[in-house]
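**Student:** Below, each chain spelled out in residue letters.
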Amino acid sequence: MAIAAQSTPAASRYGLALFEAANSQSALDAVQGDMSLLGTVLRSDVGQALTDPRWSTAAKLGAITKAFSSGLHPLTADFIKVLARRKRFELLPQVPVVFARLLDEHHGILRGQLEAAFAVSDETLAAVEASLSQETAKKVVLGTSVNESLLGGICVTLAGILYDGSVLGQLNRMRTRLETVEL
Amino acid sequence: MELNPSEVTSVLKAEIENFQSEASTEHVGQVLQVGDGVARIYGLEHCMMSELVEFRDGVMGVALNLEEDNVGCVLLGNASSVKEGDIVKSTGKVISVPTGDELLGRVVNALGEPMDGRGVIQTSSDDLRPIEQTAPTVVEREPVTEPMMSGIKSIDAMIPVGRGQRELIIGDRQTGKTALIIDSIINQKNTGGGDPSNPEQVLCVYNAIGQKQSTVVEVLRRLEEAGAMSYTIIVNASASEEASMQFLSPYSATAMAERFRDAGRHVLIAYDDLTKQAYAYRQVMLLLRRPPGREAYPGDVFNLHSKLLERSAKLSRNAHELNPEKYSAGGGSITAFPVVETQEGDVSAYVPTNVISITDGQIFLESDLFYSGVRPAVNVGISVSRVGGAAQTPAMKKVAGGLRINLAQFRELEAFAQFGSDLDTATQQALTRGARLVELLKQGQYVPLKNSEQIVSIFAGTSGVLDDIENAQVPSFVEGLVEHMNANHADVMIELDQWKTKWTDELEGTVKSACETFSGQFSA
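Line by line, the protein sequences give chains C and S.
Those letters in the first sequence? Residues 1 to 183, per this note's numbering, in order.
Those letters in the second sequence? Residues 1001 to 1524, per this note's numbering, in order.
For reference, chain C alone in the conformation it holds in the complex:
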């Protein structure tokens, strides 16, 4: 399971500013497209080069504008320039993460992770998502992974809460009960 990405307070502030600007210009979807593209690029080798301190900021900025010259929404392009001018270029990799989180909040989406002993079918996933959506009053989107040590059943981690319906969890609870039972 991927560790929840953390963002520094500065990245959160820049991300929020971009989000609000995009929202007021009704350009959320376009900027989100740019952000996911940026996110993919920054996670690759190119991204490594872009955060390399041996490169000057001007060179990095030049490279980005050249690479994305046509595709970027004007707001995204300006945002990158603002980052460069304010000497905050190193925050760039964090911004897509912050943006995605803000967008999820805006659309009322909760993202979580479903772990199961076997690969779950799409129907099961949809059913779990539906029932959790009902409970949390938000739209729940779950990523899936397989963990054979659970033996059976499923575990869902959502908004800091672990819903444990796995056989392993039940066995553990049974053990605690039997160990602490008053004779």
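Hints were generated in silico from the structure; no laboratory data involved.
Remember, it's a predicted structure, so these values are computed and weren't measured experimentally.
Where a beta carbon is used, it is the ideal one built from N, C-alpha and C, also for glycine.
Take the hints with a grain of salt, since some may be wrong.
[Stated by the list, open to error] Taking beta-carbon pairs under 8 Å as the criterion, some of the chain S residues facing chain C (in silico):
1. S1024
2. E1026
3. G1043
4. E1045
5. M1048
6. V1139
Let chain C serve as the given structure and place chain S on it in line with the hints.
**Tutor:** This is chain S only, laid out in the frame that chain C set:
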């Protein structure tokens, strides 16, 4: 307890049949970073301050820093099994330790788990107590009135400690701080014959913090040899354990002592030593990135010790009526002997000044005295007991009244006399008396004296009986005198062992004539 296998089976069967197989929900987070005994956790949004959290493999941690998007924890066990990205569960509980009679005679760690290889401690979940407790309130307390005899002449005569008092033991390394505590614990055998079920018996808790494991083994051996372990608990957080265990162990030890106090018993607790606890706390707090203050200690290092020592108190006799939920009986007490180690006798360092200001007095041990053969190396000039005077036994108070001033005069004149000029008779007499008293107050290790024995010895010094004895003969004279009294005046000695016995003229006459008789025998 008799256990019938078929009953056990039926209980387990019922448990399994009634087991609810529904899903559970738990608040979880993820380890962001772990190292040096602390971990940062992302998530755990509903985590409370000081809450226990559970890592993988059952390793526990305590939440100490609640920040906007992460939680800082100290780990209470082996950190090597905790990895980045691990799931952390909140438990909704605070740290609790088992308490009660079953712990007496045992060596446990800061979590109350046995460390002496003598098997499981049979306590139930009802015996668990949170290690952090609030101190008794103003109305639930009472002034200190009963003596806590240490069995050491220089302390019981000049720096008397009462039950419920906090008396600091302070001094450089190797000045006999731990020895003083061991003697005091051994001496508590005189209160109830070493039988923990006797309500008169003072129970003892020895908390070793950051000590060498070998020191703790030695303490245990000495206490066992003296038959003192039957009423003693050793809470050990040795130097090799995590810093978190070292700074939490005094609170655990106090929780164990409070169980007895709240049931109306008297407890003696020794924290050996609080300097190391402050070191451990500083380490953890710096790793958790709390801002450092003076000597790099965090800002709440004063509170660290004051909240601990405030829990040692004398409870009011009607504490039970005032707060029946907390106190099953009134009149209990915890007497604390916190230890602080100084560097080169510097009491103005941060931790020593803090603890001096919290406690009700201090016993100052000096290496100069120690190496010149005055053992216990108590510097009576600057040692004080602020509340113990009211708790001193009346007979001791009367007999030892002039001791302090005699010794003070002696120290002043001693400096003069070194010039070697002719001295008048009064000065010479004061010098003779002082030298005898210093000799008299020396005492071997592991031989605490009863109240009666102390009174008789000190009477011999202050009444001038010793003035005619050679200085080198003083220890054997005093020893002989005590034996003589025990053999020929057992009734007087038993009477003097009662706290409340007054020093009447009649009593003084008997002791004086016995001293003279023995003095005659001794010189012959």
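**Student:** Against this structure, judge whether each hint is valid.
**Tutor:** Hints and how they fare:
no. : hint  : verdict
1   : S1024 : holds (5 Å)
2   : E1026 : holds (5 Å)
3   : G1043 : holds (5 Å)
4   : E1045 : holds (5 Å)
5   : M1048 : violated (14 Å)
6   : V1139 : violated (37 Å)
Consistency note: the structure conflicts with the earlier hints numbered 5 and 6.
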